[in-house]
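Going down the list, the protein sequences come from chains U and P. Residue numbering for the first sequence follows my numbering, beginning at 1 and increasing consecutively. Residue numbering for the second sequence follows my numbering, beginning at 158 and increasing consecutively.
Calculated from the structure, these hints are not laboratory results. Note that the structure is a prediction, hence the values are computed from the model and not measured. By construction, the Cβ of each residue, glycine as well, lies at the ideal position given by its N, Cα and C atoms. Some hints here could point you the wrong way.
[What the hints assert, rightly or not] Listed next, the in silico SDA-like pairs over lysine to any residue satisfying Cα-Cα at most 20 Å (straight line):
1. U:Lys22 with U:Ala33
2. P:Lys266 with U:Asp130
3. U:Lys24 with P:Asp160
4. P:Lys266 with U:His12
5. U:Lys134 with P:Thr277
6. P:Lys207 with U:Gly59
7. P:Lys180 with U:Arg8
8. P:Lys266 with U:Arg8
9. P:Lys191 with P:Ile170
[Said to hold, decoys possible] Computed footprint of chain U on chain P, listed as stretches where at least three residues anywhere in the stretch have a Cβ under 8 Å from a Cβ of chain U:
10. 225-237
11. 243-250
12. 255-262
13. 270-282
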Amino acid sequence: MTAVSPTRSVEHGTIRLERLYKAKPQRVFAAWADSEARAKWDVPGRWVITEQTFDFREGGREMKRFGPAGDPRFLAQARYVDIVPERRIVYSYGMTDRGEPISVSLTTVEFTPVAGGTRLMLVEQVSLLDGRDKLAHREEGIASKLDKIGLLVSEAA
Amino acid sequence: MTDRSTAHATFTIERRLTVSREKAFRAYADPRSKARWFVGPEGWERSDHKLDFREGGRESVSGGPPGGLIHYYNALYQDIVPNERIVLAYEMHMDSTRISVSLGTTEFKSDGKATRLVYTEQVVFLDGHDHVAAREHGTRALFDNLAALLEHEAQAT
Numbered sequence: 001m002t003a004v005s006p007t008r009s010v011e012h013g014t015i016r017l018e019r020l021y022k023a024k025p026q027r028v029f030a031a032w033a034d035s036e037a038r039a040k041w042d043v044p045g046r047w048v049i050t051e052q053t054f055d056f057r058e059g060g061r062e063m064k065r066f067g068p069a070g071d072p073r074f075l076a077q078a079r080y081v082d083i084v085p086e087r088r089i090v091y092s093y094g095m096t097d098r099g100e101p102i103s104v105s106l107t108t109v110e111f112t113p114v115a116g117g118t119r120l121m122l123v124e125q126v127s128l129l130d131g132r133d134k135l136a137h138r139e140e141g142i143a144s145k146l147d148k149i150g151l152l153v154s155e156a157a
Numbered sequence: 158m159t160d161r162s163t164a165h166a167t168f169t170i171e172r173r174l175t176v177s178r179e180k181a182f183r184a185y186a187d188p189r190s191k192a193r194w195f196v197g198p199e200g201w202e203r204s205d206h207k208l209d210f211r212e213g214g215r216e217s218v219s220g221g222p223p224g225g226l227i228h229y230y231n232a233l234y235q236d237i238v239p240n241e242r243i244v245l246a247y248e249m250h251m252d253s254t255r256i257s258v259s260l261g262t263t264e265f266k267s268d269g270k271a272t273r274l275v276y277t278e279q280v281v282f283l284d285g286h287d288h289v290a291a292r293e294h295g296t297r298a299l300f301d302n303l304a305a306l307l308e309h310e311a312q313a314t
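Pulled out of the complex, with its shape left as it was, chain P reads as follows (with noise of 0.2 Å):
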């Protein structure tokens, strides 16, 4: 019988975002937008990025190094109060395997003519695949890229 194991951790992400948060939610809620930071390290080979922003719609995505192992994102958007929350569950699997499953809250709030973006995963690492370091690492550079377009953008206009 295949071991069978889950741990479960939470962590919190603070960002200072240099736009408002209304642009914040945009590159959130755009497909063409999000699809431009929510991506792998330099490198990684990915599929298209499928996303359907609205309550009980789906998201989803893949990706990985070349030759190595296919990394599967698959979401369902659970709460969206526009310009204020995200709240979703993702899993992710490696090739065939299922590795986790999370709760992603995401809190867009006001500060100045800036945003201060609070991003807190719940999540459960399944069968000792993964762990929470790993999880943490992967989703801060996802945020890097996200503010390094929105200050590309406001640089741009």
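Bound-form chain U, shown alone (with noise of 0.2 Å):
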């Protein structure tokens, strides 16, 4: 028998999040561009990050390890594409689950000052490749990042 090669597919889909955060955009901005408080929320749930590289510039490319406590199989590569500072953010990255593609996203982050705080949009657009992932699992992925976004700038500063 020959081996049979994986059947390619590819599903499209556009991710929107909101969230209202009681700090200013510049502090719900750091949460992105300093290091440190970004490795405090930068992955899903209960899930650790393994490795992890900064480079917040536009241009700058970045990588993460993470996955469940023991099993870091996840890779996640990224591109800074355009940053205006304590307005917007805009990357691409691609991810791997064992070496395989699972992901390629694009993603918008806007920052806007309102009344009290500020109110964070976050568009990602996904090509979800071979059947490795979900979009309501990306989502969900996502939203559990911004909530420990909101915890981490509800701190006290």
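If you follow the hints, you should be able to join the two separate chains into one complex; please do so.
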């Protein structure tokens, strides 16, 4: 028998999430820009990051290895495309699961000052590859991270 | 303060190409072949086309009408499955202004001896520059070039 090559497929989707934070845009933006702050929230739920590099600037590339405790099977590789301090971040990233591609995303994060804090709008345009992930799972993961930012920025400054 | 805004959109273009998907894929992978069809409208001036076709590799080209705005394209290859799929992220500039960032997924599907090409672009337009109808129109023109080139090559052999 010859090896069966994997069936290739692509599912496109768009995830839109919004959060209101009781902190100024400067502080919410810093949760992304500051590497110490980001290391505290940049993984869903109880998963852990085992390796992470930071290069927060237009054209900068970062990598992150993460997953459930004891099984850091996911690798994300990102490149920042557009950064407007305290207003907007646009980046693309690819993700693999044990070396197999699962998705490529284009993510836009916008920070808008509102009475009493900041409105964050996140839009992730994603190509899910070969049926290895689902849009609902991805959305759940990102939502979990945004909730962690809420806890982080509401801590006493 | 500069007005900041974003507009997200997705469009899909399908083409039937009269060559095998191996040949269609080569028109993307081979720098000399790609430079022949990945060009602006007739009469535009253009810079050298640079292509490093591998995951993590870059592509860039700029051009425009004589005396007009320079359109600058800068891409990062995110996922490549030979003869099957290419996923890239690219940004467009008009002179020094970044006008959009896109995720472009190209799928090559066998259709008898021919190839069905499915291109999906997920795009965010920045600060009110450009819009999806113009982008789709320009992208369709590129596929016209590609189809004409492949047709020409098929007749020459």
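Against the structure, the hints:
1. Restraint check: the Cα-Cα separation between Lys22 of chain U and Ala33 of chain U comes to about 18 Å, which is no more than 20 Å; the hinted pair holds.
2. For the hint linking Lys266 of chain P to Asp130 of chain U, the alpha-carbon distance of about 14 Å falls within 20 Å, and the restraint holds.
3. A C-alpha spacing of about 19 Å is found between Lys24 of chain U and Asp160 of chain P, which places the hinted pair at or below 20 Å, so the restraint holds.
4. Among the hinted pairs, Lys266 of chain P with His12 of chain U is consistent with the structure: their alpha-carbon atoms are about 17 Å apart, no more than 20 Å.
5. Annotation: proposed proximity of Lys134 of chain U to Thr277 of chain P holds, straight-line Cα distance about 18 Å (limit 20 Å).
6. Proposed proximity of Lys207 of chain P and Gly59 of chain U is supported: the alpha carbons are some 17 Å apart, at most 20 Å.
7. The suggested pairing of Lys180 of chain P with Arg8 of chain U holds, with an alpha-carbon distance near 19 Å, which does not exceed 20 Å.
8. The straight-line distance between the Cα atoms of Lys266 of chain P and Arg8 of chain U is roughly 10 Å, inside the 20 Å bound, and the hint therefore holds.
9. With a C-alpha separation of about 18 Å, the suggested pair Lys191 of chain P and Ile170 of chain P falls inside the 20 Å cut-off, and the hint holds.
10. For the stretch 225-237 of chain P, the assignment as covered by chain U holds, since 3 residues bring a beta-carbon within under 8 Å of that chain's beta-carbons and 3 suffice.
11. Counting residues of the stretch 243-250 of chain P whose CB falls under 8 Å from any CB of chain U gives 3; the rule of at least 3 is met.
12. With 5 residues having a beta carbon nearer than 8 Å to a beta carbon of chain U, the stretch 255-262 of chain P meets the requirement of three or more and the stated coverage holds.
13. Restraint check on the stretch 270-282 of chain P versus chain U: 4 residues with Cβ-Cβ distances below 8 Å, three needed, restraint holds.
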